[in-house]
Amino acid sequence: MYRFALGRLAQAIPVLLIVITVTFFLIHSAPGGPFSADKAVPPEVIQALEEQYNLNQPIWQQYLSYLGDVIQGDFGPSFKYSGRNVNELIAAGLPITAELAFYAMLVALSVGIFAGVGAAMRPNTAQDYIPMTGAMIGICMPSFLLGPLLVLVFGIYLDWLPVSGWGDIPGDKILPSITLGTGYAAYIARLSRGGMLEVLSQDYIRTARAKGLREPIIIIKHALRGGLIPVVAFLGPAFAGLLSGSFVVETIFQIPGLGRFYVQAAFNRDYTLILGMTIFLSTLIILFNLLSDMLAIWLNPKLRQEIKGAN
Amino acid sequence: MNSIETDKGSSLWKDAWIKLSKNRLALVGLGLLVILIVTSLLTPLIAPYGYEAQNLDMGATAPSLQHWLGTDIFGRDMLTRIMYGGRVSLMVGFIATAVALVIGILWGATAGFFGGRLDAIMMRIVDVLYALPFMIFIILLMVVFGRNILLLFFAIGAVEWLTMARIVRSQVMALRNQEFVEAASSLGLSQWTIIRRHIIPNTLGPVIVYTTLTIPSVMLLEAFLSFLGLGIQPPQSSWGLLINYGVETMEEYPWLLIFPGLALSLTLFALNFLGDGLRDALDPRTSKD
Amino acid sequence: MAILEVDGLKVYFHTRNGVVKAVDDVSFSVDSGETLAIVGESGSGKSVTCYSLLDLLPKPPAKIEGGTALFNGKDLLTCTADEMRHHRCNDIAVIFQDPMTSLNPFLTIGEQLIEPLIYHPDKSKIETRSRAKEKAVKLLDEVGIIDPHTRFNCYPHEFSGGMRQRVMIAMALITEPKLLICDEPTTALDVTIQAQILELIKKLQETRNVAVIFISHDLGVVAGIADKIIVMCEGTIRETGDTDAVFYHSSNDYTKKLLDAIPEGAKVLPNRVTSNEPLVEVSNLKTFFKNESGKNDDDRYIKAVNNVSLTIPRGEILGLVGESGSGKSTLGRSILQLAPTTQGSVKFEGKTLTGLSSSELFPWRRKMQMIFQDPYASLNPRMTVFETLSEPLLYHKLATKKTIASQIKQLMDDVGLSQGQLKKYPHEFSGGQRQRIAIGRAIATKPEFIIADEPVSALDVTIQAQILDLILDLVERHNLTMMFISHDLSVVRYICDRVVIMQHGVVVEEGDTEMLWANPQQLYTKDLLAAIPLADPISERSRIAEA
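Residue numbers (numbering that gives the first Met the number 0), protein chains in the order written: chain A, 0 to 310; chain B, 0 to 288; chain C, 0 to 546.
Watch out, some of these pointers could steer you wrong.
Unchecked claim - Lysine-lysine pairs mimicking DSS-like chemistry, simulated, CA-CA at most 27 Å apart:
#1 C:Lys132 <-> A:Lys301
#2 B:Lys18 <-> C:Lys62
#3 C:Lys401 <-> B:Lys7
#4 A:Lys220 <-> C:Lys124
#5 C:Lys20 <-> B:Lys21
#6 C:Lys289 <-> A:Lys307
#7 C:Lys122 <-> A:Lys220
#8 B:Lys13 <-> C:Lys422
#9 B:Lys18 <-> C:Lys58
#10 C:Lys408 <-> C:Lys445
#11 C:Lys422 <-> B:Lys18
#12 C:Lys422 <-> C:Lys400
#13 A:Lys220 <-> C:Lys137
#14 C:Lys132 <-> A:Lys220
#15 C:Lys137 <-> A:Lys301
#16 B:Lys7 <-> C:Lys408
#17 A:Lys220 <-> C:Lys134
#18 B:Lys7 <-> C:Lys400
#19 C:Lys20 <-> C:Lys9
#20 C:Lys445 <-> C:Lys266
#21 A:Lys301 <-> C:Lys302
#22 C:Lys132 <-> A:Lys307
#23 C:Lys62 <-> B:Lys21
#24 B:Lys18 <-> C:Lys20
#25 C:Lys9 <-> C:Lys62
#26 C:Lys73 <-> C:Lys227
#27 C:Lys422 <-> B:Lys21
Said to hold, decoys possible - Sample of chain B residues facing chain C (criterion: CB under 8 Å; computed from the structure):
#28 Lys7
#29 Gly8
#30 Leu11
#31 Gln177
#32 Glu178
#33 Phe179
#34 Glu181
#35 Ala182
#36 Ser184
#37 Leu186
#38 Gly187
#39 Leu188
#40 His197
Calculated directly from the structure, the hints in this document are not laboratory data.
Keep in mind it's a predicted model, so treat the numbers as computed, not measured.
Built from N, CA and C at the ideal position, the CB exists for glycine as well.
Kindly generate the complete structure, drawing on both the sequences and the hints.
In structure tokens:
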């Protein structure tokens with residue numbers, strides 16, 4: 000199994016390389032340099048800055064030296080936050096965004112699977128219609144709509160929950176996590192309902208019934224494993240979505256995480272920050288995809304054995 | 000020569016339509032969609048006020064008889080703004096989906112039909128692209144090349160075509176192994192004839208369903224980007240942008256957030272219900288009766 | 000006292016189309032140690048009858064409208080959910096038709112075997128895992144699984160079809176039930192494996208003295224093991240009686256129809272023209288496929304057709320027989336150039352077809368056609384009958400827009416379909432009718448050679464007989480040469496002049512049909528012929544007793 004994991008990791012490296020290269024050249028092909036947007040900067044100062052950041056070297060040299068730095072884990076200094084280094088900024092924002100994504104995923108999985116499995120157990124009844132309508136609403140209400148509405152209702156009108164910051168006031172993690180997680184909870188609810196319905200119509204469930212097993216055992220031991228396959232397959236894209244969703248949620252709730260930095264870096268044309276964060280986030284996503292792929296394989300006995308056998 | 004008295008057969012499309020018409024939610028979705036499209040097309044003619052018409056003295060006002068959905072802080076009529084915004088959002092939705100559709104179908108059908116090494120290579124590319132954080136790339140593209148609406152179509156379409164390719168490919172592969180396709184081969188039909196007459200008509204079902212479900216997904220993506228300020232740029236507006244403005248002033252003027260939000264949500268609702276209904280209707284397993 | 004007494008059972012399905020009376024007033028009984036066979040075609044209600052006893056039917060459409068089913072005096076149809084679970088665990092067990100889909104692919108078979116023991120609703124009967132495992136291993140050994148201790152921890156996909164069914168049998172017997180319901184347990188298995196499983200079930204019944212209800216569509220299969228037989232059709236019982244009485248002395252029309260439909264002996268076709276001139280010559284043909292999961296050099300290719308040579312003279316009906324994996328279907332497709340051949344040649348009318356490009360092959364296409372097995376998959380669901388039949392004629396320029404109508408009319412008459420059906424779509428027809436359409440398409444271009452790949456295997460036995468007669472009629476009228484591929488030896492014997500037997504991609508034996516039957520040379524052929532279930536209880540019983 001380890002050889003397989005290493006093999007997949009090795010396959011991920013060219014992908015990462017492509018990401019780094021494409022991003023690098025994309026950014027550097029933007030019209031105007033990083034400092035051209037700044038208003039009243041005299042040309043000599045621009046010259047000096049460009050020298051400081053090696054921007055007058057030929058592009059290939061810049062690329063190679065950047066690559067070299069990245070491999071050693073150094074993303075270089077930020078162009079806009081002078082004196083601060085991209086690595087620092089990432090390290091500052093990462094734990095916050097990670098926690099936000101974690102809670103959101105928790106909300107999404109627990110609510111989604113519970114609702115979806117419940118709906119599949121009693122299809123075409125209230126136990127099905129109510130959660131599924133809720134799920135539809137969750138899908139059709141994007142986080143940048145839900146968030147402000149929640150803020151309006153719970154933060155301003157009812158004044159029950161804080162609406163900004165992360166970790167400063169108790170309870171300020173609730174609204175952002177719910178906002179980010181709801182859309183995914185809805186999607187996961189639909190996926191698990193579909194997967195469970197499919198499994199429950201299979202012959203082997205009929206066999207389990209014929210053996211006299213109780214319903215909870217049939218659902219949990221027999222049906223869940225197959226029924227949640229679509230959810231496991233969705234984990235990778237869900238993670239990528241959560242990371243990008245965090246951009247919006249952090250903006251709305253004033254959370255000092257990676258997402259907010261990224262958006263601001265994009266507006267400020269902070270080359271190194273954008274580059275560094277893109278690469279970092281992409282690495283995270285690729286790693287997570289790998290993990291969820293491996294989980295999917297591990298859950299399927301046939302595939303699991305094929306992998307073991309191949310070693 | 001006596002004419003042959005033949006019974007009229009019921010094609011699968013007819014059956015699907017019968018099934019769909021029994022699904023009330025889907026019909027509501029279809030109706031809403033039609034209303035939206037017609038309204039968007041006729042907007043320049045039927046909008047109550049001019050798009051740019053400001054009334055700075057009035058400022059933001061709550062819904063009233065002259066302004067059904069109220070006005071924004073520049074005194075512009077919200078109903079008009081939402082109608083124009085809807086035009087842009089729908090247009091992005093349809094065009095970007097069309098881009099995804101064309102690329103996805105061609106890619107998926109080629110890979111699925113010819114199989115072998117070609118398929119392996121093509122799907123490998125899809126797998127690699129799938130693993131990339133597209134959102135991030137789109138943001139990058141928009142930042143780098145400016146907020147060009149054409150680029151927006153292209154960028155969004157470039158994300159969505161992957162799933163379409165996968166769906167088309169699996170459908171085509173399943174069909175390729177069906178015996179009626181083999182029968183066509185044994186008759187000596189050329190590959191192009193087989194694709195045209197036997198494969199494509201049988202692929203349309205899932206393609207239609209997925210297309211209907213892609214449009215809302217695309218619209219959401221556009222709204223997301225516009226909300227962040229990276230999508231549609233003023234003076235044009237889209238629902239995402241309107242929601243952005245609405246958030247800024249939501250405490251004092253909540254209607255500026257609620258109405259564009261409602262418009263977006265209802266449209267997404269309509270499309271999703273319609274897509275779900277189509278999926279059930281075109282599924283040969285569910286009976287039409 | 001009968002262990003199961005069913006009286007006046009009525010099960011109706013409430014669909015949006017109306018009420019379907021799946022089971023309408025059915026009564027029967029079974030004793031311990033006795034085997035009751037319920038025989039019927041699809042839609043007869045045989046499975047619904049038995050599933051209703053254990054409450055395994057989907058409840059919204061299905062409803063038990065009346066009747067009683069007394070198991071040891073207690074009515075199964077009106078008991079509580081707890082009582083039903085008790086019955087399922089203790090008293091009645093089921094063996095399902097398809098062992099591949101009836102076992103949970105995510106759990107080891109060992110885990111699935113011991114479940115009824117460790118989760119027993121009766122607290123006093125709950126076993127510990129280790130004790131349950133002991134019992135399970137013993138049972139696996141009894142049903143013929145080699146090395147049961149290790150295999151206990153294996154997953155379903157690691158077993159072959161026959162082995163999986165043995166596991167299912169073990170799973171059914173582990174709680175020592177008093178009644179065993181077998182729902183077409185051998186239908187999905189090869190004929191030699193089928194014989195083994197039937198013997199196993201009989202043996203286990205005798206050692207345990209259980210009552211057995213055996214559901215089947217095939218009278219031959221139950222001839223050797225049933226004591227009593229019920230014949231069902233469209234929800235009602237047409238005949239009940241002892242096996243011998245039903246097989247040898249039945250006076251019921253439907254039963255006689257079923258018995259008549261079983262192909263017996265050989266059909267005589269007086270007007271056929273045969274000759275010695277070879278139409279199809281296959282020489283040293285090899286069709287290999289790349290094996291994706293093969294590990295060593297040997298496994299690199301799947302040798303579907305491995306050095307096969309045969310000749311088919313004009314006018315002959317050649318039977319190609321083999322079990323699953325024998326390569327017979329691949330051979331048929333290779334001859335028609337529908338599968339890529341690896342080595343060797345195929346000649347038609349003296350011309351070598353292998354290696355020709357598709358445009359060079361084109362003129363030969365209309366001379367050789369195929370009839371496929373699955374009537375549901377062999378017709379394009381989006382084309383009407385008219386379009387399906389006219390495609391070959393128009394594409395090969397054998398008809399113009401003006402003449403097509405009358406040619407299609409002729410075709411429809413030839414295959415026995417009414418003219419009014421031309422604008423209908425495949426899903427509006429029954430299986431047998433679809434197969435007629437498929438046959439119509441195959442003969443449209445007036446081919447000289449037709450390969451029929453299991454053309455009747457997916458059809459009910461009475462429909463089978465009709466389609467076989469149709470095929471023979473067409474062969475005679477149009478002087479066709481045919482290769483008839485089948486796993487069903489009785490059918491092959493009925494219509495084929497010569498037979499070729501394949502196993503694992505090679506030809507094991509070939510010869511004139513009657514000579515082969517009378518005097519098989521190879522061991523495999525002997526096994527195959529011996530395993531054929533005959534609709535003759537006396538000989539079947541002695542065969543099973545010998546085994």
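Checked hints:
{"no.": "1", "hint": "C:Lys132 <-> A:Lys301", "verdict": "holds, 23 Å"}
{"no.": "2", "hint": "B:Lys18 <-> C:Lys62", "verdict": "holds, 25 Å"}
{"no.": "3", "hint": "C:Lys401 <-> B:Lys7", "verdict": "holds, 22 Å"}
{"no.": "4", "hint": "A:Lys220 <-> C:Lys124", "verdict": "holds, 21 Å"}
{"no.": "5", "hint": "C:Lys20 <-> B:Lys21", "verdict": "holds, 26 Å"}
{"no.": "6", "hint": "C:Lys289 <-> A:Lys307", "verdict": "holds, 21 Å"}
{"no.": "7", "hint": "C:Lys122 <-> A:Lys220", "verdict": "holds, 20 Å"}
{"no.": "8", "hint": "B:Lys13 <-> C:Lys422", "verdict": "holds, 14 Å"}
{"no.": "9", "hint": "B:Lys18 <-> C:Lys58", "verdict": "holds, 23 Å"}
{"no.": "10", "hint": "C:Lys408 <-> C:Lys445", "verdict": "holds, 15 Å"}
{"no.": "11", "hint": "C:Lys422 <-> B:Lys18", "verdict": "holds, 21 Å"}
{"no.": "12", "hint": "C:Lys422 <-> C:Lys400", "verdict": "holds, 16 Å"}
{"no.": "13", "hint": "A:Lys220 <-> C:Lys137", "verdict": "holds, 25 Å"}
{"no.": "14", "hint": "C:Lys132 <-> A:Lys220", "verdict": "holds, 18 Å"}
{"no.": "15", "hint": "C:Lys137 <-> A:Lys301", "verdict": "holds, 26 Å"}
{"no.": "16", "hint": "B:Lys7 <-> C:Lys408", "verdict": "holds, 17 Å"}
{"no.": "17", "hint": "A:Lys220 <-> C:Lys134", "verdict": "holds, 22 Å"}
{"no.": "18", "hint": "B:Lys7 <-> C:Lys400", "verdict": "holds, 21 Å"}
{"no.": "19", "hint": "C:Lys20 <-> C:Lys9", "verdict": "holds, 8 Å"}
{"no.": "20", "hint": "C:Lys445 <-> C:Lys266", "verdict": "holds, 24 Å"}
{"no.": "21", "hint": "A:Lys301 <-> C:Lys302", "verdict": "holds, 23 Å"}
{"no.": "22", "hint": "C:Lys132 <-> A:Lys307", "verdict": "holds, 26 Å"}
{"no.": "23", "hint": "C:Lys62 <-> B:Lys21", "verdict": "holds, 25 Å"}
{"no.": "24", "hint": "B:Lys18 <-> C:Lys20", "verdict": "holds, 25 Å"}
{"no.": "25", "hint": "C:Lys9 <-> C:Lys62", "verdict": "holds, 8 Å"}
{"no.": "26", "hint": "C:Lys73 <-> C:Lys227", "verdict": "holds, 23 Å"}
{"no.": "27", "hint": "C:Lys422 <-> B:Lys21", "verdict": "holds, 25 Å"}
{"no.": "28", "hint": "Lys7", "verdict": "holds, 6 Å"}
{"no.": "29", "hint": "Gly8", "verdict": "holds, 4 Å"}
{"no.": "30", "hint": "Leu11", "verdict": "holds, 6 Å"}
{"no.": "31", "hint": "Gln177", "verdict": "holds, 5 Å"}
{"no.": "32", "hint": "Glu178", "verdict": "holds, 4 Å"}
{"no.": "33", "hint": "Phe179", "verdict": "holds, 5 Å"}
{"no.": "34", "hint": "Glu181", "verdict": "holds, 6 Å"}
{"no.": "35", "hint": "Ala182", "verdict": "holds, 6 Å"}
{"no.": "36", "hint": "Ser184", "verdict": "holds, 6 Å"}
{"no.": "37", "hint": "Leu186", "verdict": "holds, 5 Å"}
{"no.": "38", "hint": "Gly187", "verdict": "holds, 3 Å"}
{"no.": "39", "hint": "Leu188", "verdict": "holds, 6 Å"}
{"no.": "40", "hint": "His197", "verdict": "holds, 5 Å"}
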